[in-house]
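Chains as they are written, first to last, in our numbering: chain A, 15 to 367; chain B, 236 to 560; chain C, 175 to 640.
Be a bit skeptical, because a hint or two may be false.
[As the list claims (entries may be wrong)] For lysine-lysine, the following BS3-like pairs were computed, each having C-alpha atoms within a straight-line distance of at most 25 angstroms:
1. C/K257 <-> C/K284
2. A/K286 <-> A/K266
3. A/K259 <-> A/K219
4. A/K296 <-> B/K437
5. C/K495 <-> C/K284
6. A/K286 <-> B/K437
7. A/K219 <-> A/K77
8. B/K434 <-> A/K286
9. C/K295 <-> C/K436
10. A/K32 <-> A/K77
11. A/K286 <-> A/K296
12. A/K273 <-> A/K259
13. C/K436 <-> C/K402
14. B/K434 <-> B/K410
15. C/K257 <-> C/K424
16. A/K58 <-> A/K91
17. C/K525 <-> A/K32
18. C/K320 <-> C/K257
19. B/K434 <-> A/K273
20. C/K220 <-> A/K77
21. B/K315 <-> B/K259
22. A/K286 <-> B/K410
23. B/K238 <-> B/K434
24. A/K291 <-> B/K437
25. B/K371 <-> A/K296
26. A/K161 <-> A/K91
27. B/K238 <-> A/K286
28. B/K410 <-> B/K371
29. A/K291 <-> B/K434
30. B/K437 <-> B/K238
31. A/K91 <-> A/K77
32. C/K402 <-> C/K284
33. C/K515 <-> A/K32
34. A/K296 <-> B/K434
35. C/K257 <-> C/K220
36. A/K77 <-> A/K259
37. C/K424 <-> C/K525
Just so you know, these hints were derived from the structure itself, not from any lab.
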Amino acid sequence: MSEPILVAENLTKWFPVKRNLGQVLRHERTWVRAVDGVSFSVEKGEIFGLVGESGCGKTTTGKLIMKLLDITDGTLKLQGEDVTHIAGPALAQHRRHVQMIFQDPYASMNPRFTIENVLMEPLEIHKVGKDRAERDVWVREILDEVKLSPPEEFLVRYPHMLSGGQRQRAATARTLMLNPSLIVADEPVSMIDLSTRAEILAMMKQLQREMGLTYIYITHDLSTARYFTDRLAVMYLGKIIEMGKAGTIIDKALHPYTKALIGAVCEPISGKVNQIKDVPIKGEIPAATNIPTGCRFHPRCLYSVPDCWQEEEPTLDDIGGGHLVACRRHGEIERLGNAARTSEASLGLRRTA
Amino acid sequence: MEKERILEISDLELHYFTHKGVVKAVDAITFDVRRGETLGVVGESGCGKTTMGTALLNMPTPPGRIVGGRILMDGQDILKLSENEIRRRVRWESISMVFQGAMNCLTPVYTIEKQMRETLQQHRQMERQEARERMKNYLNLVGLSDDVLRRYPHELSGGMKQRVVIATALFLEPKVIICDEPTTALDVVVQAQIINLLKDLKEQVGVSFIFITHDLSIEAEVSDRILVMYAGRIVELGTNEQIYGPQGPAHPYTQRLLAATPRLHEEVEALAFIPGTPPDLIDPPPGCRFHPRCSVVMERCAHDDVPLREIEPDHMVACWRCFDE
Amino acid sequence: MKTKRSVSQARALWAEFRQVRFGVLGLVMLALFVLIVLFQPVLLSKADAANRWRDMTYWLDNPRYALPVWVNWFTGRDYAVSKIIPASSVVDSTSGSLRMQTMEFPYEFKAGRPPSDFMFKVGVTGRVSLAMEIVRPDGRTVTYNKSTTSEGSQILRISVAQNMMDRVFAMASSAEDPAIAASRNPRQIDSIAALFGKAQPGILSTPEVLNGTYTLRLQAALASPTAKIDSAELVIAGGVQGLLGTDGSKRDLWSGLIAGTKWALIIGLLTSFISVAVGVLYGVAAGYFGGWVDSLMNRIFEIFVSIPLLPILIVMSAVFKPSIWIMIIMMCIFFWVGPVKTVRSIALQIKETSYIEAAHGLGASHWRILFRHMVPQLIPYSFASMALAVPGAIVFEASISLIGLGDATVVTWGQILFDAFSSGAVLQGIWWWVIPPGLAMAALGMTFAFIGFAMDTILNPRLKTR
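Please construct the entire structure, taking both the sequences and the accompanying hints into account.
Spelled out as structure tokens, the structure:
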């Protein structure tokens, strides 16, 4: 294994909630615990996936890595250097090394900029390249790289004149301008048509291989995550609850939440029309202001026992082969199968689901 | 076991008259909807699937206009009815629609009861108490408790709001409900729950659904028959088994689209994709509209308009390749 | 290389601008206004009209409330036109030690209505006696004598309406029905109408015009050795004068409008440009930085909004001499708040967009984000609010003028309008005093609005297709 490029330890982001007068007088403070102690490391040249439902903190984690948000607690190391609280020139340096691809490529480009302006911007900001001519050459090279050719045709266009796929290529090109070591891709294909989605992912993968890039791929879509990533971390309410090789997580999930997520995914396979999908989960995701005690998943878990909410929150333990899971009962659940579902949970679930 | 046809659409054409030219968004489409089935409509964005949905209610969005075809319901052509009659007898009474993002369009200042009653009273005179009973019944049917009636939209989660919208669509006991991307904005778990709900309703209420989405994998879960649209036309129409079964779909577009859809439990090295972009519907390519992107294109594809033909029972395809054998 | 690039960019911009019809209209209108400013000396009816607008003596020769000349073309009412008639003959003679000068001023009167005044304007030096005789076409005469002594040169205006009422009354009474004549007195009649009326009963009450040649004969006795007549002319103040008529102070409104154009442009453009620029930058900065900076900036903004401008201006005018430039500065100081709230809310929206986040992620400085990403988005809005601020500034200047704080050395449309309002022009139906300056303001406002909207269409790429 090569050295990790990014190490997050106990990464935390709490947002304060606006208080009313009563709460101010009572000195009460409530927090949205968007990211609540997340630890992981990303190896150089790998694609690391962060998956979870909306509100699980995956995008916030991405922004913390980008240093677009201040880190409340924990440490973040990039290439061995502590970047948790950097500012000024060090931060500028960090922004050269870490780049982000946003979910909506159209929104992420200034509508008044031509593609040329968009691609020139990182060079201008970091004063890279000795003159316009040199930058021009680079811009053309990168456009070729992301297969927007001939470059002349695209340079003068505005974002709204491109198709969804072309926009995401342009957005990807922008991240490559500064030759970064890490790219955070936040749902890069969720707004792109199915027929081109695979094309974009293939292009990103090819670039990764050619240029030795490292990606952090943030998504809610397990199917593309499996195809695109090497390792996956599943987040729930601000915490990673399971992490490991993408194939292992999806085919041999241990955490009940991961299982529910996987169960919920639709697949283009025949013969499922007349079956009700088995989604082993109950209730709805609680607010991040009010995280349940003990295991934060217990109110929705079909296998929870009193230990789950009375004891400490389970830690993310390695169970071998780089597979980490944060569940007290994962072993039992595996052995007993569905029989381990608590009686309360198995009653009339289909209707309340 | 031929099921009763409750909606027969033939040669339906809807054009948008824009200042740049006429966009042939729905171009001579023929299909039917059978009692108690879910008909899936799939296609990429801009292929005309949503437009077709609104056409079935005869309420095209301006500058769109239905320029031809028939929509037969109980032997009567909806398109020949007056606007008044459509409002009274068709919309919501016989065909209702769950619009894309409808759950985010609930009025924030009204309770759920008030929103639902408004739809109801547009169509039926009903006592307050009776209306409330009816609303409760339908809310229960979609898996919500009675007290939702007193809530405001912001107090409900996305999934609950979608259920409210579906309950409202069910309300007047229509024969067909058109659902336009009902699960797109929802998280996977909630999406699965809504899918389960629709399956359940199909069984319990016997209503037919037209399920519009861009996602082939969702169609595999919900639809009995699947209609694949490309550039305003139907390219393939077949049963779930015919499309997703082991022999796979017949039309190259469907094949490629399916290959581009990632599968969860399969390790793939590289996903297939379809190069190029869908054509401009103001000036679509001649012949088969898919031919510029097709990998098995033949000479005649480029100039001969391709008809939709039945190649086996219940399986219609519009591809010269499939007819040649 | 760089200039070449910007030239080609400007050319491209112009090519696009030409496509927007109302934008071109706006430009044409703006060009017209600029031309008016450039050719102001040619367009003014009197050379010093712009400088001596408030000098009432400068305008004494004009009729009061004269309609625009073109009214005659449309109404067929046939008002007499203003005229200045020089002496047709000058005869010098002596009568003993007395030098005499005799002049004749023939006035060909051909109109349906009498002029508004018949005035003899003469410049004299030393001791002079003037004997005037107006000979009507029917041979009746009106005489008037005046003696004057002055050290230097002086100008005398002897007007029928003001000086010869008694004589005209006497002349007319002889033709009028004695009963009516006895019931009237010289103050009650329209002496001009009587002078130009047919000698028949009714001349005092319902006079009919008598067309023909009216001759003013002047016999001047130059009593002192140095005495002389410097100038002499007959001034017919007509019922119509100039392209836009005259106001209650006899001023030529056309000249006022032309002279006011320059100031309207200066006040409007300068005030709106400075205040919108400051306001937009302020609003963007407040929205972008947020937090305590935003709170502080908001408080400052609120202070400026809540200060009543008028009392401040009254105090300021006591401290400074009222000047148009001070006024522009003062207006900028208070007008910049206009766009702040809207701009701040737009900035808050832009700030949340993901391209701003992307720019942050790329390491862009605050400066760059503000000026490269946010301010350009606000250009259309800025143009629109500038266009809207232009008439506002003009009107505000006018209201300041109303309370006597205007700059008396310049002519502005606002001052013309407020003169009109204060003399009740609207109630009296003197439309030509009110409508033209109002229309001019509207036209200037529209000019900028058109240009603003055209710029919006061009600068907002989302409205463009290719």
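Outcome of the hint check:
no. : hint              : verdict
1   : C/K257 <-> C/K284 : holds (12 angstroms)
2   : A/K286 <-> A/K266 : holds (22 angstroms)
3   : A/K259 <-> A/K219 : holds (17 angstroms)
4   : A/K296 <-> B/K437 : holds (23 angstroms)
5   : C/K495 <-> C/K284 : violated (50 angstroms)
6   : A/K286 <-> B/K437 : holds (14 angstroms)
7   : A/K219 <-> A/K77  : holds (22 angstroms)
8   : B/K434 <-> A/K286 : holds (11 angstroms)
9   : C/K295 <-> C/K436 : violated (33 angstroms)
10  : A/K32 <-> A/K77   : holds (22 angstroms)
11  : A/K286 <-> A/K296 : holds (22 angstroms)
12  : A/K273 <-> A/K259 : holds (15 angstroms)
13  : C/K436 <-> C/K402 : violated (42 angstroms)
14  : B/K434 <-> B/K410 : holds (15 angstroms)
15  : C/K257 <-> C/K424 : holds (15 angstroms)
16  : A/K58 <-> A/K91   : holds (13 angstroms)
17  : C/K525 <-> A/K32  : holds (20 angstroms)
18  : C/K320 <-> C/K257 : holds (24 angstroms)
19  : B/K434 <-> A/K273 : holds (22 angstroms)
20  : C/K220 <-> A/K77  : violated (72 angstroms)
21  : B/K315 <-> B/K259 : holds (21 angstroms)
22  : A/K286 <-> B/K410 : holds (24 angstroms)
23  : B/K238 <-> B/K434 : holds (18 angstroms)
24  : A/K291 <-> B/K437 : holds (15 angstroms)
25  : B/K371 <-> A/K296 : holds (22 angstroms)
26  : A/K161 <-> A/K91  : violated (33 angstroms)
27  : B/K238 <-> A/K286 : holds (20 angstroms)
28  : B/K410 <-> B/K371 : holds (20 angstroms)
29  : A/K291 <-> B/K434 : holds (10 angstroms)
30  : B/K437 <-> B/K238 : holds (14 angstroms)
31  : A/K91 <-> A/K77   : holds (14 angstroms)
32  : C/K402 <-> C/K284 : violated (33 angstroms)
33  : C/K515 <-> A/K32  : holds (23 angstroms)
34  : A/K296 <-> B/K434 : holds (19 angstroms)
35  : C/K257 <-> C/K220 : holds (14 angstroms)
36  : A/K77 <-> A/K259  : holds (23 angstroms)
37  : C/K424 <-> C/K525 : violated (58 angstroms)
Figure legend: structure checked against the earlier numbered hints; hints not met, in rising order: 5, 9, 13, 20, 26, 32, 37.
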